[in-house]
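Given chain S, work out where chain L with the ligands should sit, using these hints.
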Amino acid sequence: MTGTKHITIDGQTVPFEEGQTIMEAAAAAGVYIPHLCHHPEFTPHGSCKLCTVKVNGRSASSCTFPAAEGQEVLNNSDELNADRKRLTQMLFVEGNHFCPSCEKSGNCQLQAVGYHLNMLDNHYPHFFALRDVDASHPDVLVDRNRCIFCSLCVRASHQEGKDVFGIVGRGINKHLAVNSESGKLADSDLSVDDRAAHICPTGAILVRGTAFKVPIGQRLYDHHDIDEVSLGASHE
Amino acid sequence: MESFIKQLTEKYQHQSTQLLMILREVQAQYFHVPSQAIDLLVTQLDVPKTQILGVIEFYSFLSATPRGRYDIYISDSITDHMLGKKAVADYLCEKLHTPLGTVRADGLVSIANSSCTGLCDQGPAILVNGHAVGRLNKARIDEIAALIQQKTPVTEWPTSLLQVDDNVQKSGLLLDSHLEKGAAIEAAWQRGLEQTLHEVEKAGLRGRGGAGYTTAWKWHLCYEGYEEDSFCDISVHKQPQRYVVCNADEGEPGTFKDRILLNSYAHELIEGMTLCASIIKSNQGFIYLRGEYLHLYSKLNAVIAERRAAGLLGANILGKNFDFDVEVRLGLGAYICGEESALIESLEGKMGVPRNRPPYPVTSGYLNKPTVVNNVETFVAAAHIGLHGGDWFAAHGTEKSKGTKILSISGDCARPGIYEYPFGTTIKTILEDCGAEDVLGIQVGGPSGTFISNKEFDRKIAFEDLATGGSFIIFNSSRDIFEIVRNFTHFFAHESCGFCTPCRVGTSLMKNQYDKICTGHGSTGDVRELQEIAKLVKSTSHCGLGQTAAQPILTTLERYPELYNAKLKQISFEPGFDLDGSLAIARKLTGRDDSNAHLAQVEEE
Ligand SMILES: Cc1cc2nc3c(=O)[nH]c(=O)nc-3n(C[C@H](O)[C@H](O)[C@H](O)COP(=O)(O)O)c2cc1C
Ligand code: SF4
Ligand code: SF4
Ligand code: FES
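Just so you know, the protein sequences line up as chains S and L, in that order. So for the first sequence, the numbering used here puts the first residue at 1; every next one is plus one. So for the second sequence, the numbering used here puts the first residue at 1; every next one is plus one.
The hints are simulated quantities; they were obtained by calculation from the structure and are not laboratory data. Please read these numbers as outputs of a predicted model, since none were measured by experiment. Be aware that one or more of the hints could be misleading.
To be verified - The calculated lysine to aspartate or glutamate pairs, modelled on EDC-like cross-linking and capped at a C-alpha distance of 20 Å, are:
(1) S:Lys85 <-> L:Glu532
(2) S:Lys85 <-> L:Asp90
(3) S:Lys162 <-> L:Glu529
(4) L:Lys538 <-> S:Asp163
(5) L:Lys538 <-> S:Asp121
(6) L:Lys535 <-> S:Glu79
(7) S:Lys54 <-> L:Glu532
What the hints assert, rightly or not - One-sided excerpt, in silico: chain S residues whose CB lies under 10 Å from chain L:
(8) Leu87
(9) Thr88
(10) Asn96
(11) Glu160
(12) Glu181
(13) Val214
Where a beta carbon is used, it is the ideal one built from N, C-alpha and C, also for glycine.
For reference, chain S alone in the conformation it holds in the complex (with noise of 0.2 Å):
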């Protein structure tokens, strides 16, 4: 071993670990890089590809491309932040996003990175598409809808040991699955106290009779920008 190793993120140094991730290695070093489909406690996941950098002048999705030493990381451009504008555009305008009515306004993290990106309209012909809501559960409502495919709760399932949710089908036909016979919510093994059932990023899985305890205009995302929120401590 020669000490520590470095990289550099817009010419600032950065240390890392064996092993780390750029994002990893950016995180523990206080630098946000926007992102969606990451979070620091699943394995990456490298979809949404909001976190894209230039690693020595290529594109790599941060939060799976390995740091090694020497790299010039490009982080905060407004090349970047251009593109990252227009992948977020592109996830509002796939899905259905209606953010004043949507319980979840305040507290997601696709508004939020919206915010941070300075997303002042949708920019792209919106795609209408057709997606179902399944009010089957008791404690837990799904609103497909809202899905933007990031696969955390498919992940968070998994690692329960439950397989509650699965991402079935091909290119933008792509759905949210239920495991169970009837494909309802309410027939499979999920629990109010699953991970899964918390983790969404956005407003497609909602726990009932949480949405409004904190009312519109108080919440999170209101008064904090996400790149502060997310190198904080409180992630979800």
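Chain L with the ligands alone, transformed into the frame defined by chain S:
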């Protein structure tokens, strides 16, 4: 049904990796995968229901709702269109009383479009219950309709219909001759396996699947592991279990050269795989055969059986105390499964979603074991090198691209088919050989490759100039660039696996945007927007599919800006809203399509 599923899962030893093979048989039996079968499989295979649902929805040739007993897929490749696909499809649908995209009321027939079926040199083509029928015309369709009316099983149809020709027009190093069975393996052992790997290196052999990775280096890494690869536990890549996988997915539209190799050079292919196995110390190989090549499945199995009988596969091959066997697994209609990590997922019985890399398949592939994935042609070339040595191969081609490349030539030319050329051959020579005249441009390397114009005929087939997996589609000046690019753009949107945001959403956005421009509703701003989306999809997508999906748009925008300009409305802003188009849903709901249901009516009155 219960006993059928039970027998089936027993036949496949209850292995969840065999899910695709199992579902294929369920589909063949019931013309769909009934929900009862899904529930039985959940218990029998011990997999989550979501995995089975995912696989059924992911692969084009599986369906959760009943298809016809004669399930027909019409190849929608641009090459089929150039051979008159539209008229042929219309006639077929009319003859069988089944509109495209529907199942006939009596359940006898269903017809749908599919991506390129790999019969571009003998199209227009269809698949009937998985079996390929090419060279469609009215007479052949009449024959097919009669056979279906008489309910004759496809396997009993006349060979004149089911015959697929090799169509080799020009042979070279690899296609000229057949190797004596076992000769390359024998030579490799005599020379020494390490020395043989050295010969493959000396040959300068690079992967023929498109990316052009140095084959010897790939084999070396699979055996040794990345020394410096901190990401992968050293104990993982020192494990003795390694796999050899042949990528026979050949899904790139316009490519069909592997079809010929699998049909007539299967011994060379398997010899190449065996050679690789002996070098990397593997005892199990797989051929991942695209579902569209079902007609080659039993042939390949016969070759495998023959080699087992000859002591060239199985235990103690040629008395060298070396065991190796090969199993053929079928795909089910998904272009993305040609991408090596998606292919591995598919081999494991899952949706074909590309993995994150690193780790690469050479350190963590099938069942997370070190795995070599090579193209069919790569293995065939390796077999020849195993026998003749590296210098023999390296004497052909260019400095950076050694040996020959087998091209699949289709489109506007007198003699479509298979042509083998040394690397470095110019486009001009190729066009002369196949009899192409009045050429507008050529799609080299398929939709994910490059569209070259008629000013670029001095360019060469080589990794350092025009790299190609083998697709070579020629367009003459009667063709419309917009129709070509539109076909390709729809193809990518249809084949995107949907894993990552830019490709899942972006390919659909590009498709809609391109349609808008094609139908004359585009303005200057729309082309700029199209270009912006294209660049974003290219630079941020997860895998090669998304990274190349914008190629047809970008390469033609670069070469024919004046054509795009001519397509545009002469205003700087065109609303993204097509009023008449948006009434399509209402028309569908009301079952009306008369002139009063269209907006133009208002203006005319
Ligand atoms: C979308 C996509 C489709 C591909 N399809 C094929 C294919 O059909 N056949 C193939 O050999 N390689 C295909 N490849 C390349 C493979 O990922 C891989 O590089 C290749 O099989 C390696 O073999 P080689 O080194 O012998 O070329 C594809 C890649 C991508 C990204
Ligand atoms: S439901 Fe929520 S957590 Fe699950 S995949 Fe969709 S967005 Fe992610
Ligand atoms: S680029 Fe396309 S095909 Fe590749 S992972 Fe992303 S969605 Fe799937
Ligand atoms: S956070 Fe890295 S791809 Fe989603």
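Checked hints:
Between S:Lys85 and L:Glu532 the alpha-carbon distance is near 13 Å, which keeps this suggested pair within the 20 Å criterion. For the proposed pair S:Lys85 and L:Asp90, the alpha carbon gap of about 44 Å is over 20 Å, so the pair is violated. Distance check on the hinted pair: S:Lys162 and L:Glu529 sit about 44 Å apart at the alpha-carbon level, beyond 20 Å; violated. A distance of roughly 33 Å separates the Cα atoms of L:Lys538 and S:Asp163; the hinted pair therefore is violated under the 20 Å criterion.
Of the supplied pair hints, the one linking L:Lys538 and S:Asp121 is violated, its CA atoms being roughly 23 Å apart against a limit of 20 Å. Proximity of L:Lys535 to S:Glu79 is assessed by CA-CA distance (about 12 Å); at most 20 Å being required, the pair is judged to hold. For the hint pairing S:Lys54 with L:Glu532, the CA-to-CA distance comes to about 18 Å; that is within 20 Å, so the pair holds. Contact between S:Leu87 and chain L, as hinted, is supported at the beta carbon level, the nearest pair being about 5 Å apart and thus within 10 Å.
Contact between S:Thr88 and chain L, as hinted, is supported at the beta carbon level, the nearest pair being about 9 Å apart and thus within 10 Å. Hint status for S:Asn96 relative to chain L: violated, with the closest Cβ pair at about 14 Å, above 10 Å. With a least beta-carbon distance of about 13 Å to chain L, the hint placing S:Glu160 at the interface is violated under the 10 Å criterion. Satisfaction of the interface hint for S:Glu181 is found here, the shortest Cβ-Cβ separation to chain L being roughly 6 Å, below the 10 Å cut-off.
Checking S:Val214 against chain L: minimum C-beta separation of about 29 Å lies over 10 Å; hint violated.
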